[in-house]
Amino acid sequence: MPNSNTKHFKALIREKLSDKKLRNIVKKATSHSISKRIETINNYIPEWEQLRDRANFIRSKTMQNWEFYFEQLLKKFRENGIEFFYANNSSDACSIVKTLLFSFGVKKVVKSKSMVTEEIGLNEYLERNGFEVTETDLGEYIIQLANEKPSHITAPALHKSRQEIGELFSEKFNIDYTDAPEKLTEFARLILRQKFLNADAGISGANFLVAETGTIIIVENEGNARLSITLPKLHIVITSIEKIVPTLSDALMLLKLLPVSSTGQKITSYVSFIKKPLQSIGSENSQKIVVIILDNGRSKLLKNDKSRSILYCIKCGACMNNCPIYQSVGGHAYGSVYPGPIGSILTPWINTLNESKDLAYGSTLCGACSQVCPVKIDIHNQLLGIRKLSIENKYSPLIERVIFKLWLLSMKNFKLFTLLSKFLNFLSPLFQESGLKIPFWSKYKYFPAPAEISFHSWWQKEVKIKERINNV
Amino acid sequence: MSKKILIEKFKSELIKVNGDCFVFKNLSEALKELKSIIAKEKIKNIAISTKTDIAKSIFDELKKDSSVTIESVEELNKTNSILKDNLKNIDLGISCADFLVAETGSVILKSSTDEPRLLSLLPESHIVISTSEQIIERLEDAVDFLSIENWVTVITGPSRTADIEKVLVTGVHGPKKLYVFINDIEIS
Ligand code: SF4
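Keeping their order, the protein sequence lines are chains A and B. Taking my numbering, the leading residue of the first sequence gets 1, the next gets one more, and so forth. Taking my numbering, the leading residue of the second sequence gets 473, the next gets one more, and so forth.
The reader is advised that the hints may include incorrect statements.
[Claimed, not checked] A few chain B residues facing chain A, derived, Cβ under 8 Å: (1) R589; (2) N622; (3) D635.
Hints in this document: simulated from the structure, not taken from any laboratory. Don't be surprised by glycine CBs; every beta carbon is placed ideally from N, CA and C.
Full structure from sequences and hints, please.
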């Protein structure tokens with residue numbers, strides 16, 4: 001995965017934790033989404049938990065029988081005149097897009113939000129190949145101007161303050177500084193409107209692909225996705241294998257959960273249902289729709305009974321909003337395209353486990369993510385699963401492995417256990433507040449002082465004495 | 473649920489998402505409200521889909537108004553220039569709804585040559601003409617329609633964003649204003 005660098009997670013965590021300003025912005029934004037979500041559920045959806053069960057059922061049956069629904073979808077695509085490609089990995093996906101754009105004589109591309117295109121590093125790739133690519137979702141546009149990466153899957157510019165955005169606009173466009181969101185938005189509208197009108201191709205993601213009808217469903221608030229898929233004559237949908245849902249009713253059911261979980265909206269401003277390329281009017285050329293479905297390691301998950309649930313994700317972002325770690329460090333700390341709890345369990349599958357295993361340790365295992373997940377992914381169990389995998393693959397540090405080996409041996413051998421606990425007891429003052437300063441450890445926590453007398457010796461003494469008394 | 477309750481529900485939901493709703497009994501009521509919106513939003517150029525009779529009558533009436541120019545999509549389709557050029561300077565698009573969803577205050581619009589997607593997308597203001605017979609309780613009630621039609625958009629309020637510090641701003645890329653006119657057939 002070219003667009004992901006999770007190797008420096010530990011270092012980045014430290015850096016971001018000391019950034020108070022960032023922490024305030026992230027905390028404020030996530031708290032806002034959290035309270036909106038709860039408000040809507042409490043006021044309107046008493047059956048929320050039942051809906052989650054149902055959604056979990058739909059997602060699990062789909063992923064278990066993925067090939068069946070995939071075949072059905074392809075048949076419908078063919079009937080509906082939608083072209084289709086399966087991309088095994090990022091570079092395949094990128095070159096399919098490039099070939100398409102070249103063959104259509106495209107120079108200018110408008111894009112609406114799609115995390116999969118972030119995953120494959122599409123923008124950089126297309127720019128290297130001479131195409132002009134413009135992100136049109138306001139948050140994505142801000143990030144593109146700032147030459148950064150999204151820090152949240154539904155709110156890409158969540159980490160930026162209005163002042164930073166104001167400065168960015170004034171610097172890039174040579175306009176008077178303003179930090180009023182209305183003015184900045186209006187300015188972006190005017191610039192991007194021209195981009196839309198002049199674009200040769202539009203690239204979007206998809207929220208759901210309906211197997212039964214071949215419908216592509218796109219959920220959004222700004223209208224930029226609608227413009228991207230309507231104005232240019234070529235519409236490329238880039239999405240991933242888990243977006244399939246069996247029926248339209250299933251999709252509508254999931255649609256009840258998605259916006260509520262993201263922003264607390266009962267429904268977004270726009271939901272587009274697309275089955276066929278748009279008809280041509282008068283002398284206009286007819287439209288072409290091409291769907292590219294990315295695998296990138298996901299099919300391994302389809303076959304994995306223990307971890308398949310990771311693919312249930314409908315990318316709502318609730319798990320990151322509710323994660324105490326995400327709230328404290330923001331999305332960039334993770335270094336992965338998908339940050340937060342879902343990122344920590346998905347990235348090792350689409351990236352290499354060795355490189356991204358640390359992400360799964362950036363968790364308190366409090367389970368807040370699993371509690372809010374609309375499709376009921378057992379996220380905290382999956383976090384443990386990644387830790388387990390990384391240990392089984394011997395990716396944990398040598399010292400840790402030695403310690404646990406010793407621990408295992410001592411648990412099986414009583415004499416060794418007593419000996420080691422005595423030894424540790426003897427060493428323990430070194431690890432307490434007044435003791436040795438161990439880098440990375442004593443900066444944040446100390447060992448509590450051990451009890452004067454170990455449980456085992458206490459038991460020996462007290463119980464044995466009582467037994468003797470009783471026996472007398 | 474009775475139509476009356478559904479309309480009330482629709483109205484209150486649409487207002488919550490910054491849209492507006494107007495229930496009318498006859499053409500003259502609709503025109504009066506339309507003209508006040510035209511004045512308030514300083515609208516000069518209008519494009520209208522004349523798919524329904526009531527929309528046709530509105531078109532005929534507004535044509536008599538010299539303060540605005542109005543064109544029907546049907547006419548625009550006959551011109552040689554392409555649709556986006558025809559519509560890019562339009563201030564107000566008037567569409568005809570297929571359904572209204574009470575639960576969420578949403579409008580369901582199918583796209584076709586006489587009701588193109590861009591009509592509800594490029595202009596800064598968007599008005600939807602509908603009748604009380606088109607109102608349904610929940611989006612699921614339109615599932616058959618959604619599965620048959622090729623291009624459908626469900627619109628709920630004006631275009632919006634909260635990408636800058638979660639501050640809500642309406643009118644990012646799509647319309648800044650959305651008004652839904654409902655012809656209450658039972659009353660008229
Ligand atoms: S894992 Fe669940 S909560 Fe997190 S983004 Fe996916 S669906 Fe939403």
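Tested hints:
no. : hint : result
1   : R589 : 5 Å, holds
2   : N622 : 4 Å, holds
3   : D635 : 4 Å, holds
This entry satisfies every hint, going by the numbered hints stated previously.
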